[in-house]
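J.: Given chain A, work out where chain B should sit, using these hints.
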Amino acid sequence: MAAARVNEQVQLNQPGLVAAEAVTSRKPVVLIWARRFQRWFFLALVYLLLIDIAFAFLLPVIYMASTSLMTVQDFLDPGVYWIPRQVYWDNIVLAFQSMNYLVGLKNSATIVFFGTLGQIISCSLAGYGFARYRFPGRDFLFMMVLFTFIVPPQTIIVPLFILYRELGWIDTFLPFTVPAFLSHGLRGSLLVLIFRQFFMRQPYELEEAAYIDGCSPWRTYAQIMLPLARPALLVVFLFSLVWHWNDYYEPTMYLMKPQNFTVPLRLRILQQGLQEITGGQAGELFNEPLMMAACFLVVLPPLILYLMTQRFFVESIERTGLVD
Amino acid sequence: MKLSLRTRSALNGYMFILPWLVGFSVFVARPFLHSIRLAFSSVDMIAGFKLNPVGWANFREAFFVDERFVPILVQVIQRNLVDVPIILTFALFTAFLVNQKIRGRVFFRAVFFLPVVIASGLVVERLFQQNVGSIEAVVGLNIPTLVYMYLPARFADIVVDVLTRLTLILWRSGIQILLFIAGLQGISPTLYEASRIDGATDWEIFWKITLPMLSPIIVVNTIYTIVDGFTDIFNPMVNFIREVAFSGSFRLGYAAALGWIYFILIFLLIGLVFISSKRWVFYGGSREG
Chain A
39 MAAARVNEQV QLNQPGLVAA EAVTSRKPVV LIWARRFQRW FFLALVYLLL IDIAFAFLLP
99 VIYMASTSLM TVQDFLDPGV YWIPRQVYWD NIVLAFQSMN YLVGLKNSAT IVFFGTLGQI
159 ISCSLAGYGF ARYRFPGRDF LFMMVLFTFI VPPQTIIVPL FILYRELGWI DTFLPFTVPA
219 FLSHGLRGSL LVLIFRQFFM RQPYELEEAA YIDGCSPWRT YAQIMLPLAR PALLVVFLFS
279 LVWHWNDYYE PTMYLMKPQN FTVPLRLRIL QQGLQEITGG QAGELFNEPL MMAACFLVVL
339 PPLILYLMTQ RFFVESIERT GLVD
Chain B
3 MKLSLRTRSA LNGYMFILPW LVGFSVFVAR PFLHSIRLAF SSVDMIAGFK LNPVGWANFR
63 EAFFVDERFV PILVQVIQRN LVDVPIILTF ALFTAFLVNQ KIRGRVFFRA VFFLPVVIAS
123 GLVVERLFQQ NVGSIEAVVG LNIPTLVYMY LPARFADIVV DVLTRLTLIL WRSGIQILLF
183 IAGLQGISPT LYEASRIDGA TDWEIFWKIT LPMLSPIIVV NTIYTIVDGF TDIFNPMVNF
243 IREVAFSGSF RLGYAAALGW IYFILIFLLI GLVFISSKRW VFYGGSREG
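Top to bottom, those sequences are chains A and B. To convert, count from 1 in the first sequence and add 38; that's the working numbering. To convert, count from 1 in the second sequence and add 2; that's the working numbering.
Every clue listed holds true.
Pairs of lysine to any residue, SDA-like flavour, derived with a Cα cap of 25 Å:
| # | chain 1 | residue 1 | chain 2 | residue 2 |
| --- | --- | --- | --- | --- |
| 1 | B | 280 | A | 185 |
| 2 | A | 295 | A | 210 |
| 3 | A | 295 | A | 206 |
| 4 | A | 144 | B | 128 |
| 5 | B | 52 | A | 191 |
| 6 | A | 144 | A | 295 |
| 7 | B | 103 | A | 79 |
| 8 | B | 103 | B | 207 |
| 9 | B | 103 | A | 93 |
| 10 | A | 295 | A | 209 |
| 11 | B | 103 | A | 86 |
| 12 | A | 144 | A | 347 |
| 13 | B | 103 | A | 72 |
| 14 | A | 144 | A | 272 |
| 15 | B | 103 | A | 349 |
| 16 | B | 280 | A | 169 |
| 17 | B | 52 | A | 202 |
| 18 | B | 103 | A | 71 |
| 19 | B | 52 | A | 209 |
Source of the hints: derived by calculation from the structure; they are not laboratory data. Small disclaimer: the values here were computed from a predicted structure and weren't measured.
If we strip away everything but chain A, and leave its shape as in the complex, we get (with noise of 0.2 Å):
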C-alpha cells in the first residue's frame, strides 16, 4: 500500500524518469519486497499456465504410452486409471508382428531418405537462385512458389493419379521420390522458402571475394554458401524427415498393395496381420492396447530422434530467420 502511494508521487513529481529508481532512495525495502511479491506471483502464474498447457499437449501421448502396456483386462477395468497392474509388454511384441513392423520400416525408410536428400538438394537450390538472382520473371515464379503452397492437394491430386498411372508409378516409391528432387513433394514450396529467407539475410561479402577469386557460381553455391546454411539445412533436414515420415494421404493414394505400406498406413492393416499371426484366434474384439502399441511403434523413430535432435532443431527455426 505504501509503495503504491510511493510510487504514484513519484511518477507525478517526476514524470519521465524511471520510477524504481528514484523510489528505492525513499522507501527501499518496502518496494523490494513489494517488486519481489509482484515478481514471485507473476512467476507463479506462469508456471501454472505452461504447466497445464503441457500437461494438455501430452494426455494423448501418456495416454498411448500407458495403454500400450495394459492387458485387455486392466484396459477395461475401471479401477485401474492410467498405471497398469503389471507391465505388459506383449503388446508391444504383437504390434511389432502384426505390422510386419520391418517391412514398414524398410518402405519407410527408402521413402523418408530418398524425399529428404531430394528436397535438401533441390530445394536449396532454388531458394539460393530466388534469393540471389535477377533474372526475367523471378517475382512471377516466385509468386508461383506461394501460390503453390496455398494449393490444397486435392485440387491436383486426381490429375496426378492419372500421370503416375500412365507413367506406371503407382505402387512404387518414384510418386514420393521423384517430386522431391524437383522441389516438390511434400511442402516442398515451404522448404524453399525457408532456404531463400536463409540466403538473402547472408552478406554479399563472400561471394563477391569467391567470384573476384575466379570461383564458378556452382563451386560458390556448394563449397560457400551451402556450408553457411547449416541452421537452414538441419531444419529442412528434420522437417522433410518427419513430414515424409507422417504422411498418410499420398501414400494411401499410390500404394495399393499391402508389402509396400508405409509403418504408419501399417495402422490400418493391424487388425488382419494379427489374425494371420495369431491364426483366427484373437481379434474378435477390438483390442485398444494393441493399437496403441502400434501407434507407438509408430511414432518412436521421429520420437527418438526429436529427443535427440530438439535442442539444435527448436533454436536454428528460430534462428533461420523464417521469420523476417
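T.: Below, chain B alone, put in the same frame as chain A:
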C-alpha cells in the same frame, strides 16, 4: 560466345531454379490445368480416361444435387473460422509465456513442438477416436452438459465441437508457437526501454509495441494455419473428395470439380487475409521487399 554480365547472371539464376521449374511444370502447373478440364468433364475410366465434356454439370451437381457436399463445405468453413483465431490466440499466448525468463523454457518449448513431430495423421486419428483430446479428459469435468444448459443450442453446438476437439486444436499450433517465439525475440529491447521511460504500462506496451511488431508473423501464421487446417486428416472434405474419386464409382471429373471449389474457397480466404493485412500489418523501417 560472349555474354554480358547481366545475361550470364540471369542464366545462372535459371540454372539454380531449373529443378524447381521442371517440378513446378510437371507436378503443379500441368495437373492444375488438367484438373480444370477434368472438372468440366466426366471421365470414362474404361476407355483409357477419355474425357466427355459436360459443361457446368459437375458444379451444378455439387451445389444443387449432392446432398452431402454443401453441409460438409459449411462445416469446413465454420470450423476454420472458429479454429484459426483460437490457434493463433493460443499460440501467441503460449509463446508469451515461454518467452519469459523462467527455468525449464527448453522443456516447455520441446513439449509444444512435440505434436509436429509425432502427429502422424493416422496415429492422431486413432488417439482421438478414444476422446483423449476432449476437455473432459483434460480437466475431468463434464463441461458440454453445462454449455448446453446455459447457451442457445446453435451456439452451444459450436462451443461443444471446439471443446471435444480441444487438444487436437492445440496440437495444430506447434509451428505457430515457435514462429511467435522467434518473432518475440526479434523485437529490439530498445523499443521496450524507450516506452517504459515514457511511462507506458505493460498493457499498453503489448498493444502498441509487441503486437504491431509481431503483425507480419501473424499474417504468416494465419495463412499457414488456414492451409494446414484445410488439409488436415479430420477435415471431412479431404475424405469426401477422396471417396468420390477413388472408392467405388471413380467419379474423377466430379472429384476434380469439388477440388476446384475447395481451392477457390481457400484462395478467397487467403486473399482476404492478404488484402486486409495491408491495413493492419506494420513493416519496420529498413525492410526491403
